[in-house]
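Engineer: The chain contents come next:
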Amino acid sequence: GENVEQHPSTLSVQEGDSAVIKCTYSDSASNYFPWYKQELGKGPQLIIDIRSNVGEKKDQRIAVTLNKTAKHFSLHITETQPEDSAVYFCAASNSGGYQKVTFGIGTKLQVIP
Amino acid sequence: DAGVTQSPTHLIKTRGQHVTLRCSPISGHKSVSWYQQVLGQGPQFIFQYYEKEERGRGNFPDRFSARQFPNYSSELNVNALLLGDSALYLCASSFTGAFNEKLFFGSGTQLSVL
Chain Z
1 GENVEQHPST
11 LSVQEGDSAV
21 IKCTYSDSAS
31 NYFPWYKQEL
41 GKGPQLIIDI
51 RSNVGEKKDQ
61 RIAVTLNKTA
71 KHFSLHITET
81 QPEDSAVYFC
91 AASNSGGYQK
101 VTFGIGTKLQ
111 VIP
Chain B
1 DAGVTQSPTH
11 LIKTRGQHVT
21 LRCSPISGHK
31 SVSWYQQVLG
41 QGPQFIFQYY
51 EKEERGRGNF
61 PDRFSARQFP
71 NYSSELNVNA
81 LLLGDSALYL
91 CASSFTGAFN
101 EKLFFGSGTQ
111 LSVL
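So the protein sequences, as listed, match chains Z and B. Note that the working numbering numbers the first sequence so that position 46 is 46, with each residue one more than the last. Note that the working numbering numbers the second sequence so that position 60 is 60, with each residue one more than the last.
Hints were generated in silico from the structure; no laboratory data involved. Certain hints may be false.
[Unchecked claim] Only pairs whose alpha carbons sit at most 25 Å apart, straight line, appear in this in silico SDA-like list of lysine to any residue:
| hint | chain 1 | residue 1 | chain 2 | residue 2 |
| --- | --- | --- | --- | --- |
| 1 | Z | Lys-42 | B | Gly-3 |
| 2 | B | Lys-102 | Z | Tyr-32 |
| 3 | Z | Lys-37 | Z | Pro-8 |
My request is simple: use the sequences and hints to build the entire structure.
Structural biologist: In structure tokens, the structure reads:
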């Protein structure tokens, strides 16, 4: 089955700096890669996603890149703000007949004011 | 519009007991999935249901079961609880449950097994 590895596990940045989270996946059949943000006491919330036919996608301060050859994908947050502090999960899904999302272990991002 | 709602929010059980968790999807969503999130880890897939039929099952023992009702709400049942079942149980919904559809999560039910 699919295995998604994510690093770093924790990340502290100064407000205004950029944050980068990197993930790798094992199943070459995976072709949908969502990113989730989870705040304390809440469920994961989708913040951006990318499909395998796209190498990069941007939404305001958030961008994701995908390298299918290397099976790498990453999340970039620019101009970080204290409200960006949360746990971020990368994930992968493939067209295997049903909607099964495999998550990474998570990155706890702390933005220091 | 209401998001995915789950009940109860917290639950304390003892080993060997049975538990039922409930979920109402976003209006119009026909697919419901269940995930288990152990502290410090990412959510793990348990089940997906679409139109009352089980579409997929993760690597969980038969003690875990689920069903979906005609109004698309769902229940997750866990029998013979073990200490290791203590976790946050998340329900998620999507329109048709296609692999590349956006998945919307509820806030979860925190289950503690003593």
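Engineer: With the threshold set at 25 Å, check whether the alpha-carbon distance from Lys-37 of chain Z to Pro-8 of chain Z stays at or below it.
Structural biologist: holds, 15 Å
Engineer: Is the hinted pair Lys-102 of chain B and Tyr-32 of chain Z satisfied, with a Cα-Cα distance of at most 25 Å?
Structural biologist: holds, 10 Å
Engineer: Given the hint that Lys-42 of chain Z pairs with Gly-3 of chain B, test it: the Cα-Cα distance must not exceed 25 Å.
Structural biologist: The given pair, whose Cα atoms are some 12 Å apart, holds under the 25 Å limit.
When the structure is compared with the earlier hints, no violation turns up for any of them.
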